[in-house]
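Chemist: Sequence:
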Amino acid sequence: LIEIQKAKLPDDIMRFRRYLGEQYANKANVVSEVRDGVTVTAPMPIISIYFLGHKLDGIETPVVHVRRDYFDAISRGSLSVRAHFIECLSHDSFVIQIPRLKEQARTRLESLLSLFDQHRTDPRNEHELIFDDGQLLPEFRSVARCLERAGESEEIRHDMTLEDEFIESFLREERAKLAAIERADKAEAREQKAEADKQKAEADKQKAEADKQKAEARERRVSLTSAELLRNAQLSEAQISKATGIDFVQLDAWINSGRL
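Numbering (my numbering), first residue to last: 12 to 271.
Simulated from the structure, these hints should not be mistaken for laboratory data. Treat the hints with caution; some may be incorrect.
Taking CB as the label site, the calculated pair distances span [as the list claims (entries may be wrong)]:
{"no.": "1", "residue 1": "Tyr30", "residue 2": "Gln203", "range": "54 to 62 Å"}
{"no.": "2", "residue 1": "Gly162", "residue 2": "Arg46", "range": "20 to 28 Å"}
{"no.": "3", "residue 1": "Ile167", "residue 2": "Ser101", "range": "29 to 37 Å"}
{"no.": "4", "residue 1": "Asp222", "residue 2": "Ala198", "range": "29 to 37 Å"}
{"no.": "5", "residue 1": "Asp143", "residue 2": "Leu90", "range": "41 to 49 Å"}
Heads up, simulated BS3-like pairs for lysine-lysine below, C-alpha to C-alpha not over 25 Å straight-line [unchecked claim]:
{"no.": "6", "residue 1": "Lys218", "residue 2": "Lys188"}
{"no.": "7", "residue 1": "Lys204", "residue 2": "Lys218"}
{"no.": "8", "residue 1": "Lys223", "residue 2": "Lys211"}
{"no.": "9", "residue 1": "Lys197", "residue 2": "Lys209"}
Heads up, the beta-carbon is just placed ideally off N, CA and C, and yes, glycines get one too.
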């Protein structure tokens, strides 16, 4: 079973995973075999081929072949045999990065894949490619003719238009979601900044109050020192109060409250 899917959006991975699961579970994906004179059915191995409309980060080659290898987990040696049981429960993959296809084909494979090369898109109609059969190997010209006939189908052209509209709608929704998230992040950042500014203002206020109390305490200590000197000069409280500004009633209150 060879399933070919064309992906345009990077987040198509979950769709592909679901589809692969459906193919593994599909009872129609079997083949009849004769074993010891008896006809039996066996599941078909799967090879997945992905045409990506975007680039994979760090992988420059246009075609990636993902192949499974068998290893002895005990001796770590490589095994050259293949088992039908394993082949039907795992699969090889080919990943074609369409944007990385070269305009000049160098191999048979690139000659075939040039049929999907978006560098050849007709600027008047993005659903069509400008192509010269002479650029193709003769063995692939029949494939080109099949694709050309498919492109002439009104049903297929209609489906392509619907797909374009769906993708554009999806991208608009994604852009709107990203914009909403960005706005929410900015609003949250503003709220956090306002809260931080409020806390800083409160801290500044508390510091100013503490500085004020320290200054008052210093003034009181100076006044008390002056008062002590005046007392030693045998002046009355009224005379000391007049000279220093000390309210002895308030002074007693400070002493009793522990502020001195």
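Chemist: Determine for every hint whether it applies to the structure shown.
Modeler: Right, here's what the structure says about each hint:
| no. | hint | in the structure |
| --- | --- | --- |
| 1 | Tyr30 with Gln203: 54 to 62 Å | 43 Å, violated |
| 2 | Gly162 with Arg46: 20 to 28 Å | 44 Å, violated |
| 3 | Ile167 with Ser101: 29 to 37 Å | 33 Å, holds |
| 4 | Asp222 with Ala198: 29 to 37 Å | 36 Å, holds |
| 5 | Asp143 with Leu90: 41 to 49 Å | 46 Å, holds |
| 6 | Lys218 with Lys188 | 44 Å, violated |
| 7 | Lys204 with Lys218 | 21 Å, holds |
| 8 | Lys223 with Lys211 | 18 Å, holds |
| 9 | Lys197 with Lys209 | 18 Å, holds |
Violation of the numbered hints given earlier is confined to hints 1, 2, 6; the remaining hints are satisfied by the structure.
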